[in-house]
Amino acid sequence: MTAWIAFGNILRKDMWSYYLKPPNISWGLVMPLAWAAMFFIKTGRGLDSVMMMLPGLVAFSVLFGTTSLLAVTVTFEKKGRSFERLLLAPISLEVLMLAKTSGAILFGVINAFIPLVMAAFLIDLTGINWGILLPAMALIAISSTFLGLFIAVSVSEVFEAQTFSNFFRFPMIFLCGLFFPVAQLPVWLRPLSYALPLTYGSDMLHASINGSGQLPILLNISMLLLFCAALFVMSLYNIRRKWIV
Amino acid sequence: MSVDGKAVAAIDARGLTKRFGEVQAVAGVDFTVDAGEVFGFLGPNGAGKTTTINMLIGLARLDAGTIRIAGIDCSKNPKAAQHLIGVIPDDSNLYPELTGFENLCFCGALYGMTKAARETRARELLERFGLAEAAPRKFAGYSRGMKRKLTIAAGIMHSPSILFLDEPTTGIDVASARQIRQLIAQLNTGGTTIFLTTHYIEEAERLCRRIAFIVNGRLVRTDRVETLMEQVHGQHIVVFTLEGAGPRLATKVATAFPDLAVEPHAGGRLQVASTATVRVSPLLRFFEEQGVEVMEARKVQPSLEDVFIRVTGIETTVMQREKERKPMGAGV
Numbered sequence: 011m012t013a014w015i016a017f018g019n020i021l022r023k024d025m026w027s028y029y030l031k032p033p034n035i036s037w038g039l040v041m042p043l044a045w046a047a048m049f050f051i052k053t054g055r056g057l058d059s060v061m062m063m064l065p066g067l068v069a070f071s072v073l074f075g076t077t078s079l080l081a082v083t084v085t086f087e088k089k090g091r092s093f094e095r096l097l098l099a100p101i102s103l104e105v106l107m108l109a110k111t112s113g114a115i116l117f118g119v120i121n122a123f124i125p126l127v128m129a130a131f132l133i134d135l136t137g138i139n140w141g142i143l144l145p146a147m148a149l150i151a152i153s154s155t156f157l158g159l160f161i162a163v164s165v166s167e168v169f170e171a172q173t174f175s176n177f178f179r180f181p182m183i184f185l186c187g188l189f190f191p192v193a194q195l196p197v198w199l200r201p202l203s204y205a206l207p208l209t210y211g212s213d214m215l216h217a218s219i220n221g222s223g224q225l226p227i228l229l230n231i232s233m234l235l236l237f238c239a240a241l242f243v244m245s246l247y248n249i250r251r252k253w254i255v
Numbered sequence: 068m069s070v071d072g073k074a075v076a077a078i079d080a081r082g083l084t085k086r087f088g089e090v091q092a093v094a095g096v097d098f099t100v101d102a103g104e105v106f107g108f109l110g111p112n113g114a115g116k117t118t119t120i121n122m123l124i125g126l127a128r129l130d131a132g133t134i135r136i137a138g139i140d141c142s143k144n145p146k147a148a149q150h151l152i153g154v155i156p157d158d159s160n161l162y163p164e165l166t167g168f169e170n171l172c173f174c175g176a177l178y179g180m181t182k183a184a185r186e187t188r189a190r191e192l193l194e195r196f197g198l199a200e201a202a203p204r205k206f207a208g209y210s211r212g213m214k215r216k217l218t219i220a221a222g223i224m225h226s227p228s229i230l231f232l233d234e235p236t237t238g239i240d241v242a243s244a245r246q247i248r249q250l251i252a253q254l255n256t257g258g259t260t261i262f263l264t265t266h267y268i269e270e271a272e273r274l275c276r277r278i279a280f281i282v283n284g285r286l287v288r289t290d291r292v293e294t295l296m297e298q299v300h301g302q303h304i305v306v307f308t309l310e311g312a313g314p315r316l317a318t319k320v321a322t323a324f325p326d327l328a329v330e331p332h333a334g335g336r337l338q339v340a341s342t343a344t345v346r347v348s349p350l351l352r353f354f355e356e357q358g359v360e361v362m363e364a365r366k367v368q369p370s371l372e373d374v375f376i377r378v379t380g381i382e383t384t385v386m387q388r389e390k391e392r393k394p395m396g397a398g399v
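One line per chain: the protein sequences are A and B, in this order.
11 is the number of the first residue of the first sequence in the numbering used here; add one for each residue after it.
68 is the number of the first residue of the second sequence in the numbering used here; add one for each residue after it.
Watch out, some of these pointers could steer you wrong.
As the list claims (entries may be wrong) - In silico SDA-like pairs for lysine to any residue, Cα to Cα no more than 20 angstroms straight-line:
(1) B/Lys146 / A/Asn220
(2) A/Lys89 / A/Pro196
(3) B/Lys146 / A/Val243
(4) B/Lys146 / A/Ser164
As the list claims (entries may be wrong) - Computed from the model, here is a short list of chain A residues facing chain B with C-beta under 7 angstroms:
(5) Ala99
(6) Arg179
(7) Ile183
Derived by calculation from the structure, the hints in this document are not laboratory data.
Each residue gets a CB set at the ideal place from its N, CA and C atoms; glycine is no exception.
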């Protein structure tokens, strides 16, 4: 009971204090809009290309929405010592960190719907396989959040977390098959692609939105779950090793 | 405090040891805090006070030793007794974006308090600390004294049976400090065991039943306040405030007056002590011969401060200044 009350209140506090703030909401809206506009201007293509673009926009919104904010909810609180309050609470570190990350996961999923809602005004979305899309959005949100957590607990300053996040995020966007298939990448880059969680998430998004997935869905789900577990366990290990010295 | 009908100590620390690289922060510290007592933990900066507290509350791992809180072995699992303890850090580390009321409710929720229970308790504490009017204001806008009081309120939201207080009155105004000391005494009267670190010796003397002195990571003395005071019982102490005193004046006085114990203090002060009445006239003449002007001569009652200086060799005024200069949150 203690754990559930603490979990719910940590999540609620983070949502109101950090996630549901106007700058974050506007960021969630502006980012996919800016990318979509850039794509249209660059390619000069019409609305028929929205379906091709949608997986990239969804992934982009989730990835940036989740990874950025962990630097605030975790690194910033650690630096300000308010995180010590959480470490002193009679709840396990696992529950605590799940509570701290669940806000980002929820925010990521909400962000994922923004490009979809925008697209619904322009094109017919009835062809989308929601049975694959929804788990894809959730798993991308979870794995990206845990990647953000791993970064946040590996550094001590907020700016370091932001810099370190970009070090992962931008290469990942271009290597994960969102904008061009992994098969078209140079042979030596492909192993790197398959070492990225977003590659499997992106494949699920392609499969659900435009039916162009390359890998079996079960493999994608398994790999994403594996990444989630590994990143979470490594983050907890880092917290125990570095923060409880 | 009892487990299966057997009385147990609130805190039982044995052989606590902690090293940070080359620095031996805490070296084999042993002490027991009885249930319901106020236990003072005194020492200069870098003595190992914060590290010891961090080990006791589960924010630092032990290199060696054992910790039992209310009979629960926390050496391997620091979470085991966290529901029993409250921690008030030396830094006001609440959430700046939350109001006073929200901060307290959030802290209560971390300990599993229901919504109704935490709201009632938060209102009660805000009233008790004179913060009821500031309750809807954000913590970021509070004065230092108000922040300190709310941090203390947050530490006792869940009514812990053992409370760790790290420098509760450092850097706040006299009225707030007095209010906090009264509250500590009230909490203790209500049965709360208190582990207190402070740089203000008179505060420790006033509040604590027993005191441990820690220097360079080792406990140099642990005793009841009355027992410690016996050391200076019957002492006559006069403090001179001097102008133009050279660095060797204390040695010269000690040579000229072998019956007196002479200690130089900060701020041009010189303390002389004796088991007999201190005769001031010969000393005044001596100072005059040395070309030193006496600004003030004051007879003082021997205090725990004198015991502290005797035991640790450290001047308390230096220790207080160090603490007040130190950035918030720093500590070994």
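Hint check:
no.	hint	verdict
1	B/Lys146 / A/Asn220	violated (49 angstroms)
2	A/Lys89 / A/Pro196	violated (42 angstroms)
3	B/Lys146 / A/Val243	holds (19 angstroms)
4	B/Lys146 / A/Ser164	violated (23 angstroms)
5	Ala99	holds (4 angstroms)
6	Arg179	violated (26 angstroms)
7	Ile183	violated (32 angstroms)
This entry does not satisfy hints 1, 2, 4, 6 and 7, going by the numbered hints stated previously.
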